[in-house]
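Student: Each chain, written out:
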Amino acid sequence: MRKIEGRSLGQIAWMRLKRDKVAIVGFVVIVLLILMAILAPLIVKAIGHPPNEFNQDLIDTQGGTLAPLGRFGGMSWDHPFGVEPVNGRDLMSRVIYGSRISLLIAFFATLLSVTIGTVMGIVSGFFGGWVDALISRLMDVFLAFPLLVFAIALAGVIPDDAFGLQGDSLRIVLLIFIIGFFNWPYIGRIVRGQTISLREREFVDAARSLGARRPYILFTELLPNLVAPILVYSTLLIPTNILFEAALSFLGVGVRAPTATWGGMLSDAVTFYTMPHFMLWPGLAIFITVLAFNLFGDGLRDALDPRSR
Amino acid sequence: MPDTVITYIIRRLVAAIGLLVIVSAVTFSIFYLVPRWAGATPETLATRYVGRAATEDTVKLTAERLGLYDPIAVQYWNWAKGVVVGAEYDYGAGVERCPAPCLGYSFITKQPVWPELLDRIPVTLSLAAGASVLWLALGVAIGVLSALRRGSIFDRAAMTVALAGVSLPIFFTGLISLAFFSYQLGWTVPGGTFVKITDNPIKWAQALTLPWITLAFLFSAQYARLTRAGMLETMNEDFIRTARAKGLPERTVVVQHGLRGALTPIVTIFGLDVGLLLGGAVLTEKTFSLPGLGKYAVDGIVANDLPKILGVTLVAAVFIVLANLIVDLLYAVVDPRVRAK
Amino acid sequence: MSSTFTTSGSDKKGCTTTMSIKRLRTVAALSAVVALALSACGGGGGNDNGTAAGGAKNEFNAGLAAVVNPSDKKGGTIKMGHSDTWDSLDPGETYYGYAWNFARLYGRSLLMFKPAPGKAANEVVPDLAEGLGVPTDGGKTWTYKIRKGVKFDDGTEVKAKDVKYAVLRSTDKETFPNGPAYFEAFLNLPAGYKGPYKSKGVNTDSAISTPDDYTIVFHLKNGFGGFDYLAQLPQTMPVPEAKDTGARYRNTIVSSGPYKFANLQPDKSFELVRNDKWDQATDPNRKALPDKYQVSLKVNADDIDNRVISGDLDIDVSGTGVQPASLSKVLTDPALKAQADNASLARLWYTSINPTVPPFNNIECRKAIQYGMNKASYQTAYGGPFSGGDLATTLMPPLVPGYEKFDLYPAGPDSKGDQAKAKEALTACGQPNGFTTNMAYRSDRPREKATAEAFQQALKPIGINLTLKGYPSGDYFSQYAGNPPFVVANKIGLATNGWGADWNDGFGFLSQIVDSRVIRPTGGSSNTSVRIPDVDKMLDAAIAETDTAKREKLWAPIDKRVMEEAVIYPGVYAKSLLLRPKNLSNVFISEAFNMYDYLSLGVK
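Chains as they are written, first to last, in our numbering: chain L, 1 to 309; chain P, 1 to 341; chain R, 1 to 604.
Simulated from the structure, these hints should not be mistaken for laboratory data.
Keep in mind that a hint or two might mislead.
A few chain R residues that face chain P, going by a derived Cβ cut-off under 10 Å, partial list only [stated by the list, open to error]:
| hint | residue |
| --- | --- |
| 1 | R169 |
| 2 | D172 |
| 3 | K173 |
| 4 | E174 |
| 5 | T175 |
| 6 | F176 |
| 7 | N178 |
| 8 | E241 |
| 9 | Y249 |
| 10 | Q294 |
| 11 | K298 |
| 12 | N306 |
| 13 | D444 |
| 14 | A541 |
| 15 | N583 |
If you anchor each label on the Cβ, the simulated ranges turn out as follows [to be verified]:
| hint | chain 1 | residue 1 | chain 2 | residue 2 | range |
| --- | --- | --- | --- | --- | --- |
| 16 | P | R65 | L | I196 | 51 to 59 Å |
| 17 | P | R260 | L | R214 | 35 to 43 Å |
| 18 | L | A212 | P | A137 | 49 to 57 Å |
| 19 | R | A262 | P | G261 | 53 to 61 Å |
| 20 | R | A262 | P | W37 | 44 to 52 Å |
| 21 | R | G201 | P | I9 | 53 to 61 Å |
| 22 | R | T136 | P | W37 | 50 to 58 Å |
| 23 | L | I196 | P | I17 | 23 to 31 Å |
| 24 | R | N251 | P | F180 | 56 to 64 Å |
Part of the chain P face toward chain L, derived, beta carbon under 8 Å [unchecked claim]:
| hint | residue |
| --- | --- |
| 25 | V21 |
| 26 | V133 |
| 27 | L178 |
| 28 | F181 |
| 29 | I309 |
| 30 | A316 |
We put the beta carbon where it would ideally sit given N, CA and C, even for glycine.
Chain L with its partners taken away, still in its complex shape:
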């Protein structure tokens, strides 16, 4: 570790990140969650209870309460998280399957926001003048919308078959679009600010005075310097989007039944508030996932920008 001068910014950040135990824990959890989501069909096969399978023999239908039989929401070796009231679906496999929707939507929505936000931010910050004024006003408009209200409204009016898609795939694309499209101004403002401050720095001036063309400056000089903040805010945007997706599903405008989502499970659990096990598992799943991303995102920010520590 002597040859400090030979290291790039990325290497330095990586060194710092490696030392941040908490961030590493977050990272490991994220990797595990992603693996769980990808391997969900295999895991659930091993458990032996498909997420949509009814087990009404585990439900008190005779007494009429429709609660799971047995204590703690029907928890057993066979159903470690217990089962849902009414139809007796296995909660564990539903929580596992729920991770797929959550992560898929959050990742792609983030990608969309970051792409739009970065392009708009750079264009706005780099060109300035009326372009900047226009884009800035556009961001103001977006930020002035009651976002959630708007998202519910939009998700509610789109029919079940549209744009050549239907069912779950349509809903997923729709949710990615809504979440991603309305979130871009946040990242857009950050990128714009960074671009403006970078624009005034010496190295861009230097490039310009050397006769470099605008696109060249954009891609070779600005973009590399924007990578770090974009990376940090992307990591921190993912958990926000997970919460957003969960909120939409909770409000009943997410992916359709019977597909399992965490927000949807919580929404189902509301009417059964006397059976806390029902709301506990999906709630914990959201919590752990969001926490992991926040921990990692924090660590990443500290690593890339030690002043914030």
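Starting from the structure of chain L, add chains P and R where the hints point.
Tutor: For chains P and R alone, kept in the frame of chain L given last:
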């Protein structure tokens, strides 16, 4: 230089009004255009509002009364005109004057929207006011303490809890606390029983305690983190060192110099958060069944009640724009550099 | 989206709403319930339990056939809660059972259902009128005499013209879209008549004439034996023309009953206080015991349950039964269970099988659904045997006079469906390996969602794969499941549905769901799947029959004919678990409304 401040305010107000026009126009277009893309005609739209037993005639009359045959620009113009100068409403047995700001009449219940909104604003306002006071006090206090004792057990514990706090969705913490404190232990009254502060302050506070705490938990976590970061930054600045070197007591250094510097970004975010919250604490109101603006909006959306949705969007946007304006004005007052620009 | 919290909206008359369903395990148990209902019928006929000393004991189902806590004590306040808004307080537009039940407190219709426990409540008795309608001209003309000395709350006397005006204004469906539409369908109104607001000055004597201040005559287009049922609708409650405010009248109602409105805050709360112009001498039906009624709207549904249990609130006015969370609380606590009544409703939760969507154009494929579905899971999805209902095999619920029990598609000994028969039907249909189709449900109704999921699970083993499609309930019939072109274009093979009788009668129950002529090409009808010419003819014959006993015998064959075509899968006959008010007197379930009778309650 009061002149510059006044022109600044006027300029901002004009911009704000323009923003509101755009927001309402976009909302209008979306609810007008999306169903039509999906193949709806004025008649099928009117079918929503005529009950099951309607004849073709009734459907046509209803579509006419709601103005569904008009082009979108005309429909929007009529609505906007109502907001500015008021409108007249035919309630069957006669015509009624709906004074400005007339946000129209519900397609379903035929009640005027504006008085209904006025009725719900106090709920959302009470929710936001109580919660924001709580989270600001709590968040800033924890943030400052954490920053001062950086690295201590308190700092670590507080920051861990704060991180957990921002990672919890309100509809989860809200539900768990409702199930536990309200239904199990009976400590607080569950929602839906909002009482105006002017009617009975004790009941008012009782009904809101749980939503306040839940909401404040979520937000104070964020504010604690922000305050801590801000404090750490300012406490390293030169003027703090100067202040210390002058021999000022530590308390004065921290509060008068350190905190003041750290608070500027907090004020910005606070303004925006309160604005957003007033614009519709949809999840909180839904979770605790508080009859506020957010719940009103959701009800309107479910029932396809366009005047309700438009009304709530407009009011929400007004709150957000106002909050932005106030924040910027505070800046202008505090920081002369902004004024000069 | 809205009803993620409360399971159900209210129980709309005629229209379909979420409620719950109950299930019975064996056919034997089912017949036991029928027997119970019949004995209740026998017991309710002659006796007037209202004044009997002692009354029923406080035990489970005590309020079904007898009066609990009988008393004549006056005074006190009854506190009611509602998890939603009132559909409309305007008697011309209201269309919910609870609202009709309640409207009798502030308005007097020509006739009313007798406020008595059990089956006796199905009897129509005079209210504002002196006697039942007198039919002439083969049931085409119906004459009512109005009582003298009945007054509005402003002291003016109620005249025949006020009733006429009330009925006429209710036909303006542009102003009152949600009200029942029987009068405009039956009355001989002038062509193009659009109600008194839009057709000002039009002579309407061809439909309703008032020869003197106390006589009102209804003139119908065709003979209708059951017109007395229409005369009990709140739409006949008098409205003084001078004080009518159209769509606003719901906030400014002029009372003709023992109570009038006070402190009315739309969508929030209102009170009823004594109307001192009401005269007990003109009213044989009302006791008017309490001094005041307080109604709070938009209260959290679970909160209502808890407050009724604690006694802080007296009654859940919507009368739809407890929430799922309270269900286990009430059923597992003997003390609470003794404080509950399990009421049967004249309501069927069912699923339409659309023959317009292949392969359901083949009757065998429809039969495959009838046999393949797990009926027990339908019941569980709808809320189980107490808050859901009893397993159904016919369209008409046992509460409807003329009901006949039959089962064309036995679901096996444990009611879980008959897979062998289902596979046979599939083979006969030419789809031995099954097929794929779509099922619509109302996405904001948890119970319908659970039902759709139950269908998906039950039909998978026989190779029928369902894609579930949730639609908002506000547009469900107008745009989606009740819109014929949409159904065909989107291949909606199955659609959850439900129907409750506007009053307990075969016409009130069947006409809107099996008559093919109510299907509108632009959508909006609850009937989406029944297009049987035979059935239309049978209905016409039954409606024209003026002899009640003969008419009642004509409904069951219609029911059977529809089931033969297998275009409707009957799920459950609805039931609800109601919490009996602790602190009130004269508590009993009215079979006309299938909830507590709000007219008779008093404070202990």
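Student: Hints broken by the structure, by number, lowest first?
Tutor: 10, 14, 15, 24, 25, 26 and 28
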